[in-house]
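Heads up: the sequence lines are chains A and B, in that order.
Under my numbering, the first residue of the first sequence carries the number 1, and numbering increases by one thereafter.
Under my numbering, the first residue of the second sequence carries the number 1001, and numbering increases by one thereafter.
In short, the hints are calculated from the structure, not lab data.
Take these hints with a grain of salt, some might be off.
[What the hints assert, rightly or not] Keeping only pairs whose Cα atoms sit at most 30 angstroms apart, straight-line, the calculated BS3-like set for lysine-lysine is:
id	chain 1	residue 1	chain 2	residue 2
1	A	Lys-276	A	Lys-213
2	A	Lys-289	B	Lys-1157
3	B	Lys-1385	B	Lys-1119
4	B	Lys-1289	B	Lys-1334
5	B	Lys-1251	A	Lys-286
6	B	Lys-1234	B	Lys-1222
7	B	Lys-1242	B	Lys-1216
8	B	Lys-1376	A	Lys-213
9	B	Lys-1385	A	Lys-155
10	B	Lys-1260	B	Lys-1321
11	B	Lys-1251	A	Lys-114
12	B	Lys-1104	B	Lys-1321
13	A	Lys-62	A	Lys-5
14	A	Lys-289	B	Lys-1260
15	A	Lys-137	B	Lys-1376
16	A	Lys-141	B	Lys-1097
17	B	Lys-1097	A	Lys-213
18	A	Lys-213	B	Lys-1263
Every value quoted in this text rests on a predicted model; they were computed, and no experiment measured them.
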Amino acid sequence: MKTKKRILFLLVVSVFISILLIDLTYAASISWGARGSEVRLIQTKLKNWGYYKGNIDGIYGKQMYGAVINFQRKNGLTPDGKIGNKTRQALGIHKKSSTTKYSSIIQEAQKKLKQWGYYTGAVDGIYGSRTYSAVTKFQRKNGLKVDGIIGANTKRALGIQQKQGTSTYTATSRGVSKNNDVQLLAMAIHGEARGEPYVGQVAVASVILNRVKNPSFPNSIAGVIFQPRAFTAVDDGQIYLNPNEQSYKAARDALNGWDPTGGAIYYWNPAKATSKWIWTREVTLKIGKHWFAHQ
Amino acid sequence: MKKRFITMMAIFTVFLVSVGAWGYAQYKENKSYSITLENQFQRMFQDMIVDIENIQVNLSKIMVTGAPKQNVLLLSETSYLCYDAQEKLTQLPLDHKNVSKTQKFLSQVGDLSISLARKNLEGKPLSIDEKETLEELHNYSNYLSQEFISLQDNMFKNGMRIGELRKKANQDLKKVNSNLINTSLVNIEERMQKYPELIYDGPFSEHIKNKKLHKKGRTIGKDEVIKIAKDFCKESIKYDAKIISESNDTKIPVYVVELKPQKGQYTITMAITKIEGNILWMIDTREVKAIKISEKQAIKIAQDCLNKIGYINMSPTYFEKYDGQLTINFAYEKDDIIFYTDLIKVKVGLDQGEILGLETEGYLLNNHERTFSKPKISINEAMEKISSYAQASTPRLVIIPTEGGKEVLCYEIKAKYKQDTFLVYINADTGEEQKILQVIVKKDGVLMM
């Protein structure tokens, strides 16, 4: 018997505490569309005093709005239908701490809700009716309990971190290097244009880079260089010779944007070219032994 | 005598047998290589055909869906299929001239799809024109699909090998096999030539290719070109200068001048624009010795050089150090807005602080008088777009180029997530996130990913 009573007592206390918690998270002024225990409390007060005639359902509706306006007018308050601190005082509702208190969690939630298009108001960290409707909309869409409370589940769904994460994160810089681009280009330069003047070598590398940007060619440096039958040095394996210092330098200059060809996508050595087709290209520039063409 | 003959014969036989065995092993290995290669080619070819089939199916589905979200999915899938098919096509041993139009078609459809998907994401529906373009592209991809399927059928029937195309570079196309593949490809190419010009906001759009300098001004004579080149170089050194080449039908037509010092083993090559006589690029091959000056000093030297040749409002944005040289990127700055489009690169040798390279194409092509209305988005609103996981610093206004070469006014916000740093670009008029770059600081400079 005694234990049963104790359990009942604990239950009542926990319900009470949870209501209190709801009240705390439920900040700011209450206006049209708001729901919750405080609305219920206000409805009760207003009904007791004869302003309100509707049901005590905890939903701020049309009837309640009329009642609040009436009450505010009678009590010399601005009749705006919003239940702020003054109206609360007049109604005799004492909140432990001011409910319009700023909360960083609310601010973060507002920011997220705004980014995802649920919220349109200001990101001020104050829980108003717009925040409430945004939270409920979000909860409905995400299959959460629709209570307007930013609890643990809602926080998780919003992606708000509760504690400093213990997850380890490796800096991306360790996994990135542009060296493979430089290496491939240097190999291509060495294979294709070993005997050319420096500018001619940069030009050959530029043609490769211009092909990457051209829709008629592959979209990566490796794709362009290793395209079958595109470069003789690739087809006969000369590309696998060890590039010298100058090839690396030319590769870096080309990657940094120096393009002596001004956008060429073909080059050939007129003394060696075997393809009849290449001779139909219009020569736009000649550097060293190579002729360059744009189309 | 007889005995000796028998020994000789025996040795000879052993020799013959071993050579035969070696030859057979070579032949077998060779065959296995060519089969492996053929398998790779076949797989790519078949996969490519499946991709092209799906491209035309997807493009037709877009005709009937009304839901923007479904459109976004279909369009992004189409673009993936296009790039994939293009990548496979470029790995086959086909003549560039026989497939370049088909490759271009695949790149452009992929590119267009992504740009339309982005447009849909911003809440803008497909216009009538865009729908008609897609319809036309659907017809082309349908044609492409049909042709490739019939080529595939033919190849199966005749037992054709793709690998054989590889060997035919210099020989006459005797074999019917390769002939058939090439003829069908040539036919396809001819038809693919006629698809409409595609203009949209993407890297492979037609209008980018056609971007040219339209600046009007004084035409420079050859003598003056040499004078401009010499004026840019050190006065104390005597050079032999000559024009080695010229370009006409390029984005910016230039004279290429080569300067060789009368003493010394290096060359300075310079391209000078035929109109107005600006230096488009300059490369000095002088070798850099021990580093004596700091990066800060080098940036100052570069800035002074730009001032000297008439580029005044240039602010250094980032730099990279290699081979004892510092390459510095400068962007045009006006009214506290950084124009990343109007770019000049300067390379300074860290030994004597000499200018070893100059590149001004970005500036010459893009710099012009611009007028901007005030941004519709406030700094605070821009900051709200940054993920709350990251720490954001105060934004500044910049102009960045879109993939299609248009200019957008953005807030540039540096955001930090744990050890990583990012640059986030928020469109100053729409509040959309336009672009995000990761800043990677390496020993020799800063990388933008």
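Status of the hints after comparison with the structure:
no.	hint	in the structure
1	A:Lys-276 to A:Lys-213	holds (25 angstroms)
2	A:Lys-289 to B:Lys-1157	violated (46 angstroms)
3	B:Lys-1385 to B:Lys-1119	holds (19 angstroms)
4	B:Lys-1289 to B:Lys-1334	violated (37 angstroms)
5	B:Lys-1251 to A:Lys-286	holds (16 angstroms)
6	B:Lys-1234 to B:Lys-1222	holds (21 angstroms)
7	B:Lys-1242 to B:Lys-1216	holds (26 angstroms)
8	B:Lys-1376 to A:Lys-213	violated (34 angstroms)
9	B:Lys-1385 to A:Lys-155	holds (19 angstroms)
10	B:Lys-1260 to B:Lys-1321	holds (26 angstroms)
11	B:Lys-1251 to A:Lys-114	violated (45 angstroms)
12	B:Lys-1104 to B:Lys-1321	violated (36 angstroms)
13	A:Lys-62 to A:Lys-5	violated (42 angstroms)
14	A:Lys-289 to B:Lys-1260	holds (19 angstroms)
15	A:Lys-137 to B:Lys-1376	holds (28 angstroms)
16	A:Lys-141 to B:Lys-1097	violated (54 angstroms)
17	B:Lys-1097 to A:Lys-213	holds (18 angstroms)
18	A:Lys-213 to B:Lys-1263	violated (41 angstroms)
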